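Colleague: Taken in order, the sequence shown gives residues 64 to 371; the numbers are from the working numbering.
Any given hint might turn out to be false.
[Said to hold, decoys possible] Distance ranges between label pairs, derived from CB positions:
1. Glu-97 / Gln-290: 53 to 61 Å
2. Gly-98 / Tyr-257: 48 to 56 Å
3. Asp-325 / Val-128: 21 to 29 Å
4. Tyr-257 / Gln-99: 33 to 41 Å
5. Glu-92 / Glu-265: 38 to 46 Å
6. Lys-306 / Glu-326: 41 to 49 Å
7. Gln-276 / Val-207: 30 to 38 Å
8. Tyr-257 / Gly-210: 38 to 46 Å
9. Asp-261 / Leu-76: 25 to 33 Å
10. Thr-111 / Arg-304: 45 to 53 Å
11. Gln-290 / Lys-95: 21 to 29 Å
[Unchecked claim] With a Cα cut of at most 20 Å, we get these calculated PhoX-like pairs of lysine-lysine:
12. Lys-212 / Lys-306
13. Lys-95 / Lys-71
14. Lys-71 / Lys-306
Since the hints were derived computationally from the structure, they do not count as laboratory data.
Predicted, not measured: the structure shown is a model, and the values here were computed from it.
Heads up, the beta-carbon is just placed ideally off N, CA and C, and yes, glycines get one too.
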Amino acid sequence: MKNLLTMKDLSVLEIEQILHDAHAFAKGELWKPEGQTFTANLFFEPSTRTRMSFEAAERKLGLDVLNLDCSFSSTQKGETLYDTVRTLEEIGAAAAVIRHSKDRYFDELAGRVGIPIINAGDGCGNHPTQSLLDLLTIQQEFIVLQGLKVVIVGDIRHSRVAKSNAEILARLGAKVYFSGPREWYDSELDENGYLTMDEAVETADVLMLLRIQHERHENKSGMTAEQYHERYGLTVNREKRMKEHAIIMHPAPVNRGVEIADELVECERSRIFKQMNNGVFVRMAVLKWALKTNSKEETKNGHLIKGW
Numbered sequence: 064m065k066n067l068l069t070m071k072d073l074s075v076l077e078i079e080q081i082l083h084d085a086h087a088f089a090k091g092e093l094w095k096p097e098g099q100t101f102t103a104n105l106f107f108e109p110s111t112r113t114r115m116s117f118e119a120a121e122r123k124l125g126l127d128v129l130n131l132d133c134s135f136s137s138t139q140k141g142e143t144l145y146d147t148v149r150t151l152e153e154i155g156a157a158a159a160v161i162r163h164s165k166d167r168y169f170d171e172l173a174g175r176v177g178i179p180i181i182n183a184g185d186g187c188g189n190h191p192t193q194s195l196l197d198l199l200t201i202q203q204e205f206i207v208l209q210g211l212k213v214v215i216v217g218d219i220r221h222s223r224v225a226k227s228n229a230e231i232l233a234r235l236g237a238k239v240y241f242s243g244p245r246e247w248y249d250s251e252l253d254e255n256g257y258l259t260m261d262e263a264v265e266t267a268d269v270l271m272l273l274r275i276q277h278e279r280h281e282n283k284s285g286m287t288a289e290q291y292h293e294r295y296g297l298t299v300n301r302e303k304r305m306k307e308h309a310i311i312m313h314p315a316p317v318n319r320g321v322e323i324a325d326e327l328v329e330c331e332r333s334r335i336f337k338q339m340n341n342g343v344f345v346r347m348a349v350l351k352w353a354l355k356t357n358s359k360e361e362t363k364n365g366h367l368i369k370g371w
């Protein structure tokens, strides 16, 4: 069973195919599975963009969507995540899209369920579909990632976006740097060295800002929102020092006036809303990849054991 749990699950060839398909969907190309196909969405954490984006993608592909209301599901009675997914599999779901607050929640599912799991975000761990939509957005601007300077700024330690993007951008040849508060810096991710925010804005071809993940902090920061913005945010004055061709990205939700000045959220070099638009097409491509990859006939001793 082929899942999308982390970006390491995808070869470079598979990433290129998914981005190609996403681009084709954005241009209006159609693809639908044969026959009625159900997919299940299980969101155990609040989400607007990812959840709605997946649901829009599923409906555009003609899939029938099973949305589990996790606040009223049997997990509230003690049912394990494994039993919930196995139940949905037996009911007829052909794939499950899951977001969960627990890091690597998928370890209890991989290899034990008969449908592909698409990770829509796990704790502070991974967010592969966000990485893919970020790659598509960068590719639309620069085409070639080799040598591109990408600076990721903010709450690095608690960000699944930072970890997923750092791994795949480096694998594809980009130079990844980090900036933000030292207490949220993760030197294990960083091969190129820490930049101050003033150095970051002058270095970046792509400046990728992150939301402060207050809900994952054990201790509250002593900084006010205004102090954070002044020290680590993209202020109006800092934006003027960016390279002429550089772009601004943010996975959202955006805290206006904290990570980025309000007036820059939709400025000419901002691609924040373009990322959201690309998210639908990337998730269509991921669903197509998951369903087609796992529809191949598997045989054991010459006998068909699985088909879709």
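Colleague: Going through the earlier hints one by one, which of them does the structure break, listed in rising order?
Modeller: 3, 4, 6, 8, 9, 10, 11, 13, 14
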